[in-house]
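**Q** Here's the letter readout for the chains.
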Amino acid sequence: MIDDSKPIFLQIAELIENDIISGVLAEEAQVPSTNEFAAFYRINPATAAKGINRLVEDGLLYKKRGIGMFVTEGAPRRLREQRREKFQQQFITPLTAEASKLGIGLDELVAMIKTGSDS
Amino acid sequence: MPRTTAIATRELSKTYKDVRALDNVSLELEPDRIYGLLGRNGAGKTTLMSILTGQNYADQGTAEIFGHAPFEHDPTLSRICFIRESQKYPDDFKVHQAFKSAALFFENWDEELAQDLVEAFALPTRRRIKKLSRGQLSAVGVIIGMASRADITFFDEPYLGLDAVARQIFYDRLVEDFAEYPRTIVLSSHLIDEVANLLEHVIVIDKGRIVIDSDAEELRGTAVTVTGEDAKVQEFIGSAQIIHRDALGALASVTIKAKLDSEQREQAKLMGLDLSPVSLQQLVVRSALSSTTETGIDERTEARK
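Protein sequences appear in the order of chains A and B. According to the working numbering, the first sequence is numbered sequentially starting from 22. According to the working numbering, the second sequence is numbered sequentially starting from 15.
Hints are computed from structural coordinates only; laboratory data are not their basis. A portion of the hints provided could be inaccurate.
Simulated crosslink set (DSSO-like; lysine-lysine; CA at most 27 angstroms straight-line) [claimed, not checked]:
no.: 1; chain 1: B; residue 1: LYS221; chain 2: B; residue 2: LYS31
no.: 2; chain 1: B; residue 1: LYS283; chain 2: A; residue 2: LYS27
no.: 3; chain 1: B; residue 1: LYS246; chain 2: A; residue 2: LYS135
no.: 4; chain 1: A; residue 1: LYS122; chain 2: A; residue 2: LYS107
no.: 5; chain 1: A; residue 1: LYS122; chain 2: B; residue 2: LYS102
no.: 6; chain 1: B; residue 1: LYS246; chain 2: B; residue 2: LYS273
no.: 7; chain 1: B; residue 1: LYS283; chain 2: B; residue 2: LYS246
no.: 8; chain 1: B; residue 1: LYS221; chain 2: A; residue 2: LYS71
no.: 9; chain 1: B; residue 1: LYS102; chain 2: B; residue 2: LYS114
no.: 10; chain 1: A; residue 1: LYS27; chain 2: B; residue 2: LYS31
Using the sequences plus the hints, can you model the full thing?
**A** Have a look at this one:
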C-alpha cells in the first residue's frame with residue numbers, strides 16, 4: 022500500500038482521495054483520526070497528520086472542533102474533475118507509447134479497449 | 015510557544031585509542047518526534063547515545079538534554095530511558111522485579127501498559143532474568159523502554175532475538191503509544207526497511223560523522239533508479255549526481271539523486287526506460303558507502319562485472 026516512490030503523506034492523501042471518489046467515504050462522513058490512520062498504515066502519526074492536513078487545505082475535508090474530520094460536500098465531484106484532467110497524461114500517454122512499441126496501431130488499440138470494456 | 019530542543023550537541027568528538035568514534039557531531043533533536051539513528055555497526059551510534067545519556071563522556075564538544083549536560087545530573091537523567099542492545103540487570107532479578115525498580119525510577123511509568131506488553135510478548139514475569147531467552151530479554155528492554163514513558167527514550171537495536179512477529183508487535187505498540195503520549199524517541203536500528211515508515215526524522219552516522227540529517231519525508235523520492243539501454247540511460251540522466259551504478263551487458267541500472275517531475279517520468283517511459291523508487295534502506299546504504307570512498311562504489315561495480 023505504502024511504497025518508497027514518494028513522500029508517505031502524499032500517499033496517505035491519495036488513499037483518502039480514492040476512498041472519497043469511490044464513495045467508501047461519503048460526503049459529510051467522518052474520516053478516521055490521524056492516530057487511527059497511523060496505526061492502520063503503521064506510519065508516524067505526524068506523517069499521517071500531514072497527509073490529512075493537505076486535504077483540509079484543499080477543502081476536501083473539514084474539521085469539526087472536538088469531534089473530528091469530515092468529508093466536504095462536493096468533494097467527490099471536485100476530485101473526479103481533477104482526476105479526469107490527469108487521465109490523459111497518467112494513462113493514455115503510457116498506453117499509446119507501449120502500443121507503438123509493440124506495433125499495435127490505433128484502430129487495433131481502440132478495438133482492444135472496446136473488447137476490454139465489454140468483458 | 016517556542017519549542018525547546020530535546021537534544022543538542024555541538025562539535026562532539028570522542029576517540030578510543032586510535033579510533034575516532036565520534037567526529038565533530040553537531041545535532042539538534044526536537045521534542046516529541048521519532049528519530050531514526052542509523053548506520054553500520056561501529057559507526058558511532060552507541061557511543062553517541064552513551065554520551066547523551068551521561069554514561070560516557072566526550073573528549074571535545076558539548077551535549078545537552080533539555081538544556082543541561084546529562085553527566086551526573088540526576089534531574090536530567092530521570093527524564094531519559096536508555097535501552098541498550100545488551101541491557102544488563104542485577105544478577106538474581108526476576109522479570110517483575112526489574113519492572114518494579116523501573117517503576118520507581120521513572121515517574122511516568124505506566125503499569126497498565128507494562129502488563130499489556132507482558133501479555134503481548136508472552137513474557138514469564140516470575141522467571142529469573144538470567145534464565146530468559148535472548149528474545150525474552152529483549153522484550154524486557156522493550157517493555158521498560160515503552161512503559162517508562164520517559165521524555166526521551168533511546169532504543170539501541172532493541173530487538174535482538176525477537177522474531178518478525180514480536181518485532182511487529184513492538185513497532186505497532188510504539189506507534190500507538192506515541193500517538194497518545196508523544197515524546198522523543200531515538201531508535202537505533204539496522205533493520206531500516208522495518209522501521210522506515212515510523213520515523214519522522216533520519217540521522218545517518220558513518221565512521222563517527224553525520225552523513226544524513228533530514229526529515230524522512232524529504233528523503234523519500236529524492237533518488238530514483240533508471241534502468242534500460244545503457245546509452246539511453248546516459249542520455250536521460252545527463253549530469254545528475256550518480257549514487258550507484260550497475261551494468262549487465264548493454265543494460266544499465268543507475269541510481270541518481272533527482273526528484274523527477276511528471277514530464278520527465280513520461281519522457282523516461284517514451285525512451286523505454288524503467289524508473290523504480292529507492293527505499294530509505296538503499297539510500298542509507300549508498301550514503302554510507304559513498305562517504306567511505308568515492309571509488310569504493312566503482313570498484314564494487316567493476317568487481318561484479
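**Q** The structure should be examined with respect to each hint, and the outcome stated for every one.
**A** Hints, verified against the model:
1. B:LYS221 to B:LYS31: 15 angstroms, holds
2. B:LYS283 to A:LYS27: Holds - the C-alpha atoms of A:LYS27 and B:LYS283 are around 18 angstroms apart, at most 27 angstroms.
3. B:LYS246 to A:LYS135: 35 angstroms, violated
4. A:LYS122 to A:LYS107: 23 angstroms, holds
5. A:LYS122 to B:LYS102: Violated - the C-alpha atoms of B:LYS102 and A:LYS122 are around 63 angstroms apart, more than 27 angstroms.
6. B:LYS246 to B:LYS273: Since the Cα atoms of B:LYS246 and B:LYS273 sit roughly 19 angstroms apart, the hinted pair holds (cutoff 27 angstroms).
7. B:LYS283 to B:LYS246: The hint holds at about 11 angstroms.
8. B:LYS221 to A:LYS71: 34 angstroms, violated
9. B:LYS102 to B:LYS114: 15 angstroms, holds
10. A:LYS27 to B:LYS31: 43 angstroms, violated
Hints 3, 5, 8 and 10, counting from the list given before, are not met by this structure.
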